[in-house]
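Based on the provided sequences and hints, a complete structural model is requested.
These are the residues of each chain, in order.
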Amino acid sequence: DGGITQSPKYLFRKEGQNVTLSCEQNLNHDAMYWYRQDPGQGLRLIYYSQIVNDFQKGDIAEGYSVSREKKESFPLTVTSAQKNPTAFYLCASSSGGVGYNEQFFGPGTRLTVL
Amino acid sequence: DAKTTQPPSMDCAEGRAANLPCNHSTISGNEYVYWYRQIHSQGPQYIIHGLKNNETNEMASLIITEDRKSSTLILPHATLRDTAVYYCIVRVEASGTYKYIFGTGTRLKVLA
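Each protein sequence line maps, in turn, to chains X and F. 35 is the number that this note's numbering gives to position 35 of the first sequence; each next residue is one higher, with no gaps. Going from the second sequence to this note's numbering is simple: count from 1 and add 114.
For the record, the hints were derived by calculation from the structure and aren't laboratory data. One or more hints might be untrue.
Stated by the list, open to error - In silico lysine-lysine, DSS-like type, Cα no more than 30 angstroms apart, as pairs:
#, chain 1, residue 1, chain 2, residue 2
1, X, 70, X, 57
2, X, 9, X, 71
3, X, 57, X, 71
4, F, 223, F, 183
5, F, 223, X, 9
6, X, 57, F, 183
In this text the structure is predicted, and so the values were computed from the model without any measurement.
Here you go:
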């Protein structure tokens, strides 16, 4: 089955620790995205990548880092510099081309920092 | 900053049409309008998108005003499974690809 997987679904960390969230897709999509969602709010873009070995900051990149070494994978690291890391994190991918370019979302990872 | 404005919540009777409005008065000429929905604690699901013309698919219809400053998503026969948060999104060009600008969405509750 084609799709996007995120693991784990729930993640708990102590304050001050870095944590890496996994995102894998087998849709052969060029573009990948990371979003953050807080309770009752819409999604906010953290980072996005159009192609392997290239990525750009989104609207709330401070305290986060990413890498794009493989087309299929776009891991997100939440660093200790992120002031309020507890949130629901969603990964998405798209074909990235012009015109129609639906984003496909993964099931999300709920991060709780204690 | 969000480019869309939606009512925070709406109710709809099961079997009736649900009409969800969205204002996007600052949309540019080449920016598409997308609609997604999110059931609690899941990833958003694509519904429909459009640029200028009205669009219809198996899930919904999208009506875009002639000036493109607003649109309406129509679920023709709402069911209890349509209860979700519905996001009206503007897709903007960014660094050779596209990114979505999400608003806060409309929480639709379908009533039995």
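Hint-by-hint comparison with the structure:
{"no.": "1", "hint": "70(X) x 57(X)", "in the structure": "holds, 18 angstroms"}
{"no.": "2", "hint": "9(X) x 71(X)", "in the structure": "holds, 22 angstroms"}
{"no.": "3", "hint": "57(X) x 71(X)", "in the structure": "holds, 18 angstroms"}
{"no.": "4", "hint": "223(F) x 183(F)", "in the structure": "holds, 26 angstroms"}
{"no.": "5", "hint": "223(F) x 9(X)", "in the structure": "holds, 26 angstroms"}
{"no.": "6", "hint": "57(X) x 183(F)", "in the structure": "holds, 28 angstroms"}
In this structure, none of the earlier numbered hints is contradicted; all agree with it.
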